[in-house]
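Given two chains presented individually in distinct reference frames, assemble the corresponding complex, making use of the accompanying hints.
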Amino acid sequence: MDAHVAQLQMQYRNYILSLYQQGFLDDQFTELKSLQDDGSPDFVAEVLSLFFDDCVKLVGNMARALDQIGTVDFCQVGANVHQLKGSSSSVGAKRVKGLCINFKELCEAKNYEGCVRCLQQVDIEYKTLKAKLQDMFNLEKQIVQAGGIVPQVDIN
Amino acid sequence: MVMAAEPQFHVLAVDDSLFDRKLIERLLQKASCQVTTVDSGYKALEFLGLREGVEINDPDAVSTSPVIHQEVEVNLIITDYCMPGMTGYDLLKKVKESSAFKNIPVVIMSSENVPARISRCLEEGAEEFFLKPVRLADLNRLKPHMMKTKLKNQMLEEIEKPSKVESGTAAAVVEPEVKDLTEIGIKIVPLQSEVEPKQVHLQVVQQEDQTMSNNKRKSVEEGLSTDRSRPRFEGITTAV
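These protein sequences, in sequence, are chains L and U.
Residues 1 to 156 (our numbering) are what the first sequence spells out, left to right.
Residues 157 to 396 (our numbering) are what the second sequence spells out, left to right.
Here chain U stands alone, though its shape is the one from the complex (with noise of 0.2 Å):
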């Protein structure tokens, strides 16, 4: 049941497959999530406001296309690993090396289980790594890394609603100097009603935080916790 305080995830879907594209968008919108799909790595750093590592309100950078000014939230990355010119790998890497997108979760998809592969995804900071076909469960499991980036984000607006800093940077907030979660939720006091709830989140995501980081190599391992057993296998024979 979708209530009216769930929070609305906005997640950026990139794949070069037009098949790929409705099946993920559907699975997303099914999630409760807002949806955007994009079909290449460049308009996806596109959409962030990021092009050629170049970050869009630089006032230096020749802009010679329209570009999105709004702040873009987004809350999750998913992306085919396998994609002409700019690889799914390419577009976490640009992600995590910049400073204003790297604190946004990315996952990767692929239809091939290729364990070199998928260490190195999670190794460059891909979150998670799911075996195409991508099912519900799979994305049910990336809301508490979408609901850390969330509240990361407004409470960092929190913060920075006192001393509005003039944008001469990126549309999205300055460098934190909070690093992690616990040290936000020991900070902030409650400065509306609505933070409330959030902190009883806050407890819940870091208890699964501890969970997340041992499932990162779920898709490598045999054997998922869903009802029916699944042949995912079927046909592959891996050596990990």
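Isolated chain L, as found in the complex (with noise of 0.2 Å):
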């Protein structure tokens, strides 16, 4: 074990940190990790994966009936928010959640540009979680090419 592996590890630490302590992800992604082991050693990114396609096609959804302008239907857009509510909240997904909280209201009171500008920051911010959580794969991968092992980051 060498300074390059500690170095390597003590950036990894440091980078989930501030993953938290931005707000980007909260403890249920703690809970998904928890459920990670040699068994289902690729489960947290199989589930991220399966989240970012769900944004993909969410957010599609969405600013295609956004475009129906004059005939917005604000009951599909709603359902596409729940649906994507529950996912980022399930993965951890902080402030992608908290976008859908106000999204819904935004929906419910048929709040045409609301939503629109709601849907664009949803869109940055998923996009913005995915390029953190691959930097952090990243940073994973190159602990374990140098030999190293990927710590467990205790968020308390």
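What the hints contain is simulated information worked out from the structure, not anything from laboratory work.
Accuracy of the hints is not assured; some may be wrong.
[Unchecked claim] To be clear about the criterion: a stretch of chain U counts as covered by chain L if any three or more of its residues have a C-beta under 8 Å from a C-beta of chain L, and this derived list gives those stretches: (1) 179-191; (2) 276-285.
[To be verified] As a list, the in silico DMTMM-like pairs of lysine to aspartate or glutamate whose alpha-carbon atoms are at most 25 Å apart: (3) U:K186 with L:D42; (4) L:K104 with L:D123; (5) U:K186 with L:E140.
[Unchecked claim] Pulled from the structure, derived: some chain L residues nowhere near chain U, Cβ distances all over 10 Å: (6) Q28; (7) D37; (8) V59; (9) R64; (10) V72; (11) H82; (12) S90; (13) A109; (14) D123; (15) K132.
Predicted model only: the values in this text are computed from it and were never measured.
Ideal Cβ placement from N, Cα and C applies to all residues, glycine included.
Set out below in structure tokens:
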């Protein structure tokens, strides 16, 4: 074990902590990590992959629904928001979930402009999270390649 | 630690979302359960051997698709509430209405905290109502429920053995005369040595039974007995 591995591990720890501190992730993400083990080593990656696929699909649905200017089906938009809220909540994507809560209210109020703005924010937010988590996975890979073990980060 | 003696529970998980199915499957595996996942209430009933309210081994039933004739032992059904077509509530009703499967504990999951919905499900016979995201701690609380059914089935099999009735009815056991576990506990003298440890379990289950009924409304009330306080009801206001 060398200084290089130790340095990477520290970088990793700090990165994870910052993701929590900045509100990208919450304790549901911690729960997901705890479900990963030697029997299911890629569980978190698989679940995240499904989540981001969902994001693409749902954001697409909502964009199309909001495109029908004058005849926007807010129930339809709301149904998609509901789904996204559920999956973001289950994955620990705190910011995305928070946006969905607002989004839901905007749908109920049939606030067209509000919905359009919120959708844009959701789009940016999930993509940002995706990039951050990709960086996290890359760090993990680097650690393993350098012969180290990915540390368990204690959030508390 | 999973010991050889620890019983394997088989859970049928129902959810229309692939994402949620993956999650619940992993949670259940982590809780040392055998899992079968299906994406609809219809498929759940099919898996159990119940289609359109008709029990599969009914000779009068016309079957057009391949059917599972093996004995499917399911110790728990956990289902999402909001599903297209047949909701979790509908599935719950069908299960509770069936003579063969009404004793299988059913748990409902939902991402929404709607007290009226929760009450309705519990009144219809749901064992528990979990708010999503479901956690490992939630599932571990289900073990006593599953243990109860598993023991009941095993004990009933013991009763059935000497007088094996010809199978004209459902693959599962015939309408039991013994209604509750205490009766079974008293009537059955250990037939084999392996029954002995279970009697210890019986006592545990009975004690836990009392506490379980107090905890039924847990999803509606705040405050779970976990180590850290989780802002479960963040952003949601409920008037109970």
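Results for each hint:
1. Coverage of the segment 179-191 of chain U by chain L holds. Counting CB-CB distances below 8 Å, 5 residues qualify, and the rule asks for three or more.
2. A stretch counts as covered by a chain when three or more of its residues have a beta carbon under 8 Å from one of that chain; for the segment 276-285 of chain U and chain L the count is 0, and the coverage is violated.
3. For the hint linking K186 of chain U to D42 of chain L, the alpha-carbon distance of about 14 Å falls within 25 Å, and the restraint holds.
4. For the suggested pair K104 of chain L and D123 of chain L, the alpha carbons sit about 15 Å apart, so the restraint of at most 25 Å is met.
5. Of the pairs offered as hints, the one joining K186 of chain U and E140 of chain L holds, with about 23 Å between alpha carbons and a cut-off of 25 Å not exceeded.
6. Residue placement check: Q28 of chain L does not keep its beta carbon more than 10 Å from all beta carbons of chain U (closest about 5 Å).
7. With a minimum CB-CB distance of about 8 Å to chain U, D37 of chain L fails to clear the 10 Å threshold, and the non-interface call is violated.
8. Every CB of chain U is more than 10 Å from the CB of V59 of chain L (nearest about 15 Å), matching its label as outside the interface.
9. Every Cβ of chain U is farther than 10 Å from the Cβ of R64 of chain L; the closest lies at roughly 20 Å, confirming the non-interface assignment.
10. With a cut of 10 Å on Cβ distances, V72 of chain L stays outside the contact zone with chain U, its closest approach being about 22 Å.
11. At roughly 8 Å, the least C-beta separation between H82 of chain L and chain U is not larger than 10 Å, which violates its mark as non-interface.
12. Chain U draws S90 of chain L into its interface by the beta-carbon criterion, the shortest separation being 4 Å against a cut-off of 10 Å.
13. Chain U leaves A109 of chain L outside its interface by the beta-carbon criterion, the shortest separation being 16 Å against a cut-off of 10 Å.
14. D123 of chain L, annotated as away from the interface, keeps every beta carbon of chain U farther than 10 Å; the closest lies near 19 Å.
15. No beta-carbon of chain U is positioned within 10 Å of the beta-carbon of K132 of chain L; the least distance is around 20 Å.
In this structure, the hints that do not hold are numbers 2, 6, 7, 11, 12, in rising order.
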